[in-house]
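Student: Sequence:
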Amino acid sequence: MKKGAVIFAAAILSCVVAFAGMARAEGEQMVVDDSAYTVYELTADPDFAILEELLDEAVGVVIVPQLFKAGLIIGGEAGHGVILARDADTGDWSYPAFLDVGTASLGLQIGASETQVVFVIMTRDGLEAMLADNVEVGAEASVAAGHVGAEVGAATTSTELNDDIYAFGTSKGLFIGLSLEGTLLIPDQDANMAYYGEAATTREVIQAGEVSNEDADTLRLILKGE
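Counting in our numbering, the sequence shown runs from 1 upward without gaps.
Source of the hints: derived by calculation from the structure; they are not laboratory data. Be aware that one or more of the hints could be misleading.
Claimed, not checked - Quick list of simulated restraints, FRET-style, between CB atoms:
#1 A208 x G91: 27 to 33 Å
#2 A49 x G197: 34 to 40 Å
#3 D89 x Y40: 23 to 29 Å
#4 E52 x T201: 27 to 33 Å
#5 D87 x A199: 21 to 27 Å
#6 G209 x A78: 17 to 23 Å
No residue lacks a Cβ here, since even glycine has one placed at the ideal position from N, Cα and C.
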């Protein structure tokens with residue numbers, strides 16, 4: 001192959017890689033925007049009034065704007081979400097780190113649905129549990145149902161608030177039984193790389209503050225109630 005052809009091929013490959021990176025970043029921005037809308041929608045709903053109160057005291061939050069569930073008796077779920085931490089001194093929220101969500105479960109599950117889920121993390125132990133490489137919800141920290149929408153169950157708001165994490169959710173579509181136990185949260189460092197333009201672990205994003213992206217500021221402000 002002639003030198004000119006090699007240079008041309010390399011240039012084309014570089015453009016393809018750059019385009020793929022831009023497309024991935026746009027996909028992650030959609031997750032961030034959908035997460036912002038999820039929080040806005042739930043906190044504006046009188047049925048979820050306690051969610052806004054908990055966010056004011058929370059140390060962290062996991063938002064999964066689209067958790068797809070399907071199955072009959074044997075079910076599974078998959079989704080993509082974000083995790084953020086709150087600065088106790090300033091009340092400001094960190095920039096989001098990305099998570100993959102998935103599980104396979106056994107139990108009474110009928111139909112299919114798209115669920116929005118918010119995990120409000122109330123304790124440092126709960127946050128540390130969520131920062132593990134592969135988190136199984138309920139395995140390392142206590143999780144209570146803060147409220148689930150009428151489509152998937154009745155309100156079960158706790159009055160003592162002694163749990164590490166509270167889960168809130170709504171669902172679109174037919175589904176009987178919203179069980180979050182056994183849900184896996186897996187850090188997505190490739191998504192962090194695409195969104196911030198440099199490699200960063202979950203801790204580096206939400207605790208060390210080593211990266212930033214102003215396009216996530218709307219989500220951060222909504223979480224702060226502004």
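Student: Please go over all the hints and tell whether each is borne out by the structure.
Tutor: Hint check results:
The hint said 27 to 33 Å for the Cβ distance between A208 and G91, and at roughly 19 Å that hint is violated. For the pair A49 and G197, the supplied restraint of 34 to 40 Å holds, since their beta-carbon distance comes to about 39 Å. Checked against the given bound of 23 to 29 Å, the beta carbons of D89 and Y40, roughly 25 Å apart, stay inside it. At roughly 30 Å, the beta carbons of E52 and T201 sit within the given window of 27 to 33 Å.
For D87 paired with A199, a C-beta distance near 23 Å keeps the hint of 21 to 27 Å intact. At about 30 Å, the CB distance of G209 to A78 disagrees with the hint of 17 to 23 Å.
Taken one by one, the earlier hints fail for this structure at numbers 1 and 6, listed in ascending order.
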